[in-house]
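Participant: Read off the chains here:
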Amino acid sequence: MVDGARRTTYEEFFTQAMACAAALGARGLQPGERVAIVLPNRLEAATTVYGIWLAGGVAVPLNAQARARDFAPWLRHCDARIVVHERAHRDIEDAMGDFEGTTQSLPLDDNTGYVEASFATGDGSDGDSLAMLLYTSGTTGAPKGVMLSHANLLANAEAVIDYLQLTAGDSVLDVLPFYYAYGASVLHTHLLSGGRIVLAPSLAFPHLVAQALQAESITGFCGVPSTYSLLLEHVQLSGQVAPSLRYLTQAGGAMPGKLVRRLRDALPHARLFLMYGQTEATSRLTYLPPEHVDERAGSVGRALRDVEIRICRDDGSWASPGETGEVCARGPNVMLGYWNNPEATAAVLREGWLHTGDLGHLDAEGYLHLDGRRSDMIKTGAHRVNPADVEEAISELPWVIEAAVVGIDDDVLGQVIKAFVVVAEEQPRGADRIRAHCRARLAPYKVPKQVEFIGALPRTASGKVRRVQLTEAEIS
Amino acid sequence: MDQRHQIKTFVLQNFLFSEDHGALGDADSLIRGGVIDSTGIHELILFLEESFAIRVAPEEMTPANFDSIQAVDDFVARKRTG
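Sequence lines, in order, name chains A and B.
Using our numbering, you'd call the opening residue of the first sequence number 1 and step up by one each time.
Using our numbering, you'd call the opening residue of the second sequence number 1 and step up by one each time.
No lab work stands behind these hints, which were simulated from the structure alone.
Remember, it's a predicted structure, so these values are computed and weren't measured experimentally.
Glycine residues also receive a C-beta, built at the ideal position from the N, C-alpha and C atoms.
Keep in mind that a hint or two might mislead.
Facing chain B, according to a computed beta carbon distance under 10 angstroms, are these residues of chain A, among others [unchecked claim]:
| no. | residue |
| --- | --- |
| 1 | 10 |
| 2 | 232 |
| 3 | 235 |
| 4 | 238 |
| 5 | 434 |
Okay, the calculated beta carbon distance ranges per label pair [as the list claims (entries may be wrong)]:
| no. | chain 1 | residue 1 | chain 2 | residue 2 | range |
| --- | --- | --- | --- | --- | --- |
| 6 | A | 238 | B | 70 | 33 to 39 angstroms |
| 7 | A | 127 | B | 13 | 51 to 57 angstroms |
| 8 | A | 14 | B | 6 | 19 to 25 angstroms |
| 9 | B | 6 | A | 118 | 53 to 59 angstroms |
| 10 | A | 366 | B | 6 | 57 to 63 angstroms |
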């Protein structure tokens, strides 16, 4: 693994994971207990996951950009025994103030790993035991922590390795955070195949990302649509820039056909895999083989190995080819359920099938086409935002009566956040004050890019806010 | 208004939506701190190019030049004198 100037062999990686396990053991971690990880992409964001597993614990990677108000409910919900974080991370330290005595801290310094120590590993966890919790829903309402077993992670990794044909000769340049399912999948697939993972510079510096493609002889690159859009916008991507590039993957929302064409024109020697999945399925459900991208334009491909995809009608029966309904999936990568949330689990796991909340149809050859999403979740860049989290923050302002937050289409980020706000009386610099309030309380990517004041929110007869109407008003 | 003050005011108003200069230290990391993201940096560059009559080449977009108010200020000063 390559993290800036730090280069780690598999042996050193394992030594670091053992040292992490020893540090966790010294803090009294018992098998099955949860360890939260609050780290940006750095070497320890990977070694810590494996250290937790060696110690028999459950890894809970949390969004490192989140704020104290997010961390506290997550830590409480998963009952974290230990939190691994960067020293002087103000938000996690603030959040941990509430847990004094019950949750311990394991702070790490910049560019420094664990102090080497040996650790006696136990018998190992059985495959069906819980390996990881990934929180997906934001913090408003009951948190949804996706429970993934070791078997889930292994099934997903093996299926992805199979279609990407990953080998020990591969080097991936990773821009995706490991606390998201897609980034975690990149990490585990490349470790399992014995390849190399190079942590990318920030996408704020696309030129440096492009340089790394060349300097590190990168063979693979994985992104969401906005990753590719940003790179194409600011860098002259070509075979010269990335001579060793063998494959590209894309997930995290539909990539517009125009962007697919631009990317393939810029890097014709790299095979582009368009993919679809969900955290609840350990990341991956379908992929479109590169050779079918033209003839199957608009499709996200077929189910991966050992996974079945079906479309469910509103009445619960299975839909025919061509008929739109809810995308459902079954397979060894489907989660165990949501941690301590049986209602949410029962709502999506029914008779062995995962109900994804996405709308789609299968064509006659079994290729999946997505037709929209049932939930209001906003996808901006690589992030998913629950509108309720933002609405709640805005509503804390005493002069705000109510707010509704929607995703507006954006060429680069896919969607950007727009807030429609009803106020008691007009405020000077009201939009800025709302954004400043959100900036102080929410992760940066949750701050609305646009704020519009309106007289009243459109509502359905039953009183629910009609977000669709707000989005449509924006388009027209 | 001096150059550093101007740059900091822009960052505060456009990324932190604040006029409180105490909200951001001159040496604070703009990227790691999440103040400026991958789209925000291009807004900042546009502002620098228009305000200080400089051109920022892609290869000059590095953390050394852009990761703090101080770094941006030093970079702009070098560009203006160079």
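Participant: Give a verdict on every hint.
Facilitator: Each hint, compared with the structure:
no. : hint                              : verdict
1   : 10                                : violated, 28 angstroms
2   : 232                               : violated, 13 angstroms
3   : 235                               : holds, 7 angstroms
4   : 238                               : violated, 14 angstroms
5   : 434                               : holds, 8 angstroms
6   : A:238 to B:70: 33 to 39 angstroms : holds, 35 angstroms
7   : A:127 to B:13: 51 to 57 angstroms : holds, 53 angstroms
8   : A:14 to B:6: 19 to 25 angstroms   : violated, 51 angstroms
9   : B:6 to A:118: 53 to 59 angstroms  : holds, 56 angstroms
10  : A:366 to B:6: 57 to 63 angstroms  : holds, 59 angstroms
Against the hints set out earlier in the document, violations occur for numbers 1, 2, 4 and 8.
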